[in-house]
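Peer 1: Here's the letter readout for the chains.
There are 6 protein chains.
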Amino acid sequence: MYELGVVYRNIQRADRETADGLAKLGASTVHEAMGRVGLLKPYMRPIYAGAQVSGTAVTVLLQPGDNWMLHVVAEQIQPGDIVVAACTADNTDGFFGDLLATSFQARGARALVIDAGVRDVRTLTEMGFPVWSRAISSKGTVKATLGSVNIPVVCAGALVHPGDVIVADDDGVVCVPAALAKKTLDAATAREANEGEKRAKLASGVLGLDMYKMREPLAKAGLRYID
Amino acid sequence: MYELGVVYRNIQRADRETADGLAKLGASTVHEAMGRVGLLKPYMRPIYAGAQVSGTAVTVLLQPGDNWMLHVVAEQIQPGDIVVAACTADNTDGFFGDLLATSFQARGARALVIDAGVRDVRTLTEMGFPVWSRAISSKGTVKATLGSVNIPVVCAGALVHPGDVIVADDDGVVCVPAALAKKTLDAATAREANEGEKRAKLASGVLGLDMYKMREPLAKAGLRYID
Amino acid sequence: MYELGVVYRNIQRADRETADGLAKLGASTVHEAMGRVGLLKPYMRPIYAGAQVSGTAVTVLLQPGDNWMLHVVAEQIQPGDIVVAACTADNTDGFFGDLLATSFQARGARALVIDAGVRDVRTLTEMGFPVWSRAISSKGTVKATLGSVNIPVVCAGALVHPGDVIVADDDGVVCVPAALAKKTLDAATAREANEGEKRAKLASGVLGLDMYKMREPLAKAGLRYID
Amino acid sequence: MYELGVVYRNIQRADRETADGLAKLGASTVHEAMGRVGLLKPYMRPIYAGAQVSGTAVTVLLQPGDNWMLHVVAEQIQPGDIVVAACTADNTDGFFGDLLATSFQARGARALVIDAGVRDVRTLTEMGFPVWSRAISSKGTVKATLGSVNIPVVCAGALVHPGDVIVADDDGVVCVPAALAKKTLDAATAREANEGEKRAKLASGVLGLDMYKMREPLAKAGLRYID
Amino acid sequence: MYELGVVYRNIQRADRETADGLAKLGASTVHEAMGRVGLLKPYMRPIYAGAQVSGTAVTVLLQPGDNWMLHVVAEQIQPGDIVVAACTADNTDGFFGDLLATSFQARGARALVIDAGVRDVRTLTEMGFPVWSRAISSKGTVKATLGSVNIPVVCAGALVHPGDVIVADDDGVVCVPAALAKKTLDAATAREANEGEKRAKLASGVLGLDMYKMREPLAKAGLRYID
Amino acid sequence: MYELGVVYRNIQRADRETADGLAKLGASTVHEAMGRVGLLKPYMRPIYAGAQVSGTAVTVLLQPGDNWMLHVVAEQIQPGDIVVAACTADNTDGFFGDLLATSFQARGARALVIDAGVRDVRTLTEMGFPVWSRAISSKGTVKATLGSVNIPVVCAGALVHPGDVIVADDDGVVCVPAALAKKTLDAATAREANEGEKRAKLASGVLGLDMYKMREPLAKAGLRYID
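Chains as they are written, first to last, in this note's numbering: chain A, 1 to 227; chain B, 228 to 454; chain C, 455 to 681; chain D, 682 to 908; chain E, 909 to 1135; chain F, 1136 to 1362.
Simulated from the structure, these hints should not be mistaken for lab results.
We treat Cβ as the ideally placed atom computed from N, Cα and C, and that holds for glycine.
There's no promise every hint is true.
As the list claims (entries may be wrong) - Capping the alpha-carbon separation at 25 Å, the derived lysine-lysine pairs in DSS-like fashion look like this:
hint, chain 1, residue 1, chain 2, residue 2
1, A, Lys220, D, Lys863
2, C, Lys674, E, Lys1051
3, C, Lys597, B, Lys428
4, D, Lys824, C, Lys652
5, B, Lys370, D, Lys894
6, F, Lys1336, F, Lys1318
7, A, Lys41, B, Lys268
8, F, Lys1176, A, Lys41
9, E, Lys1106, A, Lys143
10, A, Lys143, B, Lys447
11, E, Lys949, A, Lys143
Claimed, not checked - Just so you have them, the derived chain E footprint on chain A, three or more residues with Cβ under 8 Å:
hint, stretch
12, 3-10
13, 91-97
14, 106-120
15, 135-148
16, 205-218
Required output: the full structure, derived from the provided sequences and hints.
Peer 2: The following block contains the structure:
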């Protein structure tokens, strides 16, 4: 259950170098390397195309229609963090705009991942502050009810602990638990390593059927070719 | 992150009497008593009206279109349990039908809460085995890929640990952490205690405006009456 | 634009007899008689099957997650009214339960139509207090922000003025402007009048093709029969 | 592509006895027996619980908001048929009500499956005329544009040819191609045959793990038990 | 209720200078300045990013799948207008394409806001004619049934009167009643005035917590910091 | 019903020149020329704006969460083909990424149309390999279950036979049956022919009301102008 009205100031962030290293691998490769768990639901979409980031999660639990805790979480941001915002109910209001983005950016945040709405998306795009959200909406919010900061949250169906690594790009958002970050980085890097070779083969016309030796298992599974 | 391919056999269930006592209070009152957290998303609907249950959670993580782990979890059921099934991706297939229900019922399960689809709903209704699900579908599933049993899962947006108390009725499904079950039972019972009196007053025509002394705060907030 | 923080106490209700007379005709016939306008979106569903009502609208504009104004509107209810609740944002919280229903019923309300969620649906069903809503949810609400009572509202896509007639049954909810209520009642009654005769003909095997003389216009439109 | 403005009068219906025999097996068992194909999307829901039917399909392609062709199809109904209605665009209007149902029933139709909306659901329920639809709506339709009757249609994602067998119950709707009806009946009957024995075993406490000999494949797949 | 088959030729447009002045403030600031009412639902999305407009509303009520009235409304357009199109039922057809856009643009329209679908979006983008819609679809429409022009309409959940001011950008679409346009412009301008200063402070690292003096109310609300 | 586990190697492709000629006309014009049938549902969206293609369909039926058959279909691709992928159940997983795209492109495929999810969208965009899909998702798939290649499939609600012509652009995706391709090309070209003239007239301020001679039919339908 969620603990309301608390801010945890000391969190154990994943190793910085590891967290930073995951960005270039991208959400899809990292998700594969994790064994296909940790993905936020695909309704989480970037407000502009092309951003690809990783960072350590500071988490915030919001109340619907109330962005008070986004101001509270701002103070907890350290350079290299990504703010992960969950909400106690489905909500598409615009919790976050250019002023908060200015503040987050000044604190060193790399991105916001929010299971709710955002606004001022043109300015955010100009600022180069990437956001993954479930909606875009002009509707503002009040500042009246407490949530919490740096507690474990469920964001878009995924459990995120403060300090976990977040990897996000045009494909979506993945959460890598801090304890698994190094292992995941290694596995993802290994996956990536022979992609170039594979790509070259496929580009030359070699079929995946042959490259991956699928013909036999397909035949075994009963695949029939009809002329 | 989810650990795949494991079955935890020894879980710490919430106190039986407490878990049982929450049923009669219902999901809405329990949710209030918890401070309005712990609710599964409202797309979770009962397959038939009128069931009202509580029990201790045994959890299972399923792979989409694959119900293998429901057979594995069956063995871990103890009388008074409610099976809580999450899935690694959104899926509406019919993972559960009358045969599994017969087995679950024989093991003492009181209900199934599943963030996916079920089938044989007419027979389940006749059997009196209540299910809360996101969908009803004839589409069956395979038995090919491992998930896990009795790990913490995110089910319909709520984090559920094995041993937590589940309360479900026509209004929805709530998860009460085992550690908070007693406190929640007390708070919910207290809420319920003076409901009868309130209901009598309201039935006699007394207004909530007066009973709850709202006129002054409403006026303070600026409410104006216009004739 | 919505005016916030006001309660209009004196509204012009549609003629009582007319308002009452529309119930037995049902939402579909009334909607036809109106020229197919005035229907609330079909996501508005009854919490139990079989209720069929009409009444004069008292309207309330709610803020998301806040049911304060439902207590305010209760005082404005007169016997024969139906409360129509709109919300300034999409919201599925449970704004309304058995206590408010007791109060509404005591004031003479016949039903609630709410573009949001409700709870305690089992008790509401036992009480025989019908509700049409967009959702059912245990999630309670706060009492913190003003909306308005008896202003024109947009509820589930339909514009409803206080005093309009609401007709609701298993097929959905229709709003009949007060000024058109009598005319609509007459038109709907006329439609209904020869339904019995039509039904008898169709039951005897006469085809709509012949009864409605459709063969010629169909041929003219180019319909071809192929043996 | 759809051919518009045509009515095929002579269709090859699946064998009557076979078509009738599939009803008692139900949609889920039949869907399994078919190899898990042929299912209409699970948003197709019965307007009342408990109906379980099978019959031969007469198909109709409708234009959005226009039920003219439902009158045309009525004439093509033979006893034992189920009308399957597709629409050229997503539409939730109420295309079908009690008058058409009276006519369909008089012609011997057993049910309607419509990828659109219906109305008069209370009367349809009283008449015992089952309908599976994507929506319920009071909104009526015009009679202005041609569709077709007894052409192959895509209904709720499934391809249905005139004469195919439709099986529908609380779990959903399945289409069995006429040519496969006998084979499917046999396979479904065989599946059903040993369900009773299985159910008895499971009811006595035998686990699916043992009954289906799953322990070894689970171990092979790497399942670990942790005490 | 909607009046069908009428075109109001003389509407009272909001003051031109005021209407024009709202564009640069944007939908989110204007929505705030209005007290958070008047917003169209956030499913209304621009067909291309970056457009930011305001103008006076000419309204049109469409029938589903029928764009006849868009030709009728074209004649009522005056330079500086934005066409606001509602539909009597949910519909995603492509009502509007490059030919109509050419006509609208020639008449001086600045944009289209339509609670339905549009097509030819690549050409519209090249023409620089912005559209906010609920869908993009190739599906064309007929010209067969009357709606109305310049009556009050409900568009994407918001009530729009002819002559109101529409403000639209990447964040969404807001309707400002003509009578409130000047007051809203002033309020929005005032809001905007000190945004630059705030932004500078936040960019320098000052926290919203301090700038907005939130620490005390947060503490009062019970916020606890845990090290 | 779908035949599973088969690959048809010899399909009759629509005439190449005809298939190629449809691209420049675009999905909306082609859809009109077909009589408004053959459109895939509008949830099918391009992963990047601006692509406009046509080609001959090679079809593939996928199992949910399983992209094995995409490797099988790759071998069947000939230059000028577009792969059309349907799935036996609603699924948003990322079935297709940059490696498969490399292979498809090497085989001469012009695009992928898939009623499921894709990933690596940034790389696909850089490669200029257009995809129309229902979702974008990092979630990978397994290679375990057979579907089929080059059987008729229902993709996003439209029936597609192998060899049909697919036309896709920013407006959506249309399927033109091979037998109708020439006739459709002619009809679409004819439609397009006088568009330039119409556009010029409309740009000069001529109203559609006059150009299409709508004033009389509108008056006949009862349209009233009110000053």
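Peer 1: Look at each hint and say if it fits the structure.
Peer 2: Verification of the hints:
1. A/Lys220 / D/Lys863: Since the Cα atoms of A/Lys220 and D/Lys863 sit roughly 28 Å apart, the hinted pair is violated (cutoff 25 Å).
2. C/Lys674 / E/Lys1051: Within the cut-off at roughly 19 Å; holds.
3. C/Lys597 / B/Lys428: The hint holds at about 20 Å.
4. D/Lys824 / C/Lys652: holds, 18 Å
5. B/Lys370 / D/Lys894: Given pair B/Lys370, D/Lys894 holds - Cα atoms ~12 Å apart, limit 25 Å.
6. F/Lys1336 / F/Lys1318: violated, 28 Å
7. A/Lys41 / B/Lys268: holds, 14 Å
8. F/Lys1176 / A/Lys41: This hinted pair holds, its Cα atoms lying about 22 Å apart.
9. E/Lys1106 / A/Lys143: Roughly 18 Å separates the two Cα atoms, so the pair holds.
10. A/Lys143 / B/Lys447: holds, 18 Å
11. E/Lys949 / A/Lys143: At roughly 22 Å apart (the allowed maximum being 25 Å), A/Lys143 and E/Lys949 satisfy the hint.
12. 3-10: It holds: at least three residues are needed, and the stretch 3-10 of chain A offers 6 whose Cβ sits within less than 8 Å of chain E.
13. 91-97: holds (count 3)
14. 106-120: Answer holds; 5 residues pass the 8 Å Cβ test.
15. 135-148: Satisfied; 9 residues make the cut.
16. 205-218: The restraint on the stretch 205-218 of chain A is violated, since only 0 of its residues have a Cβ under 8 Å from chain E and three are required.
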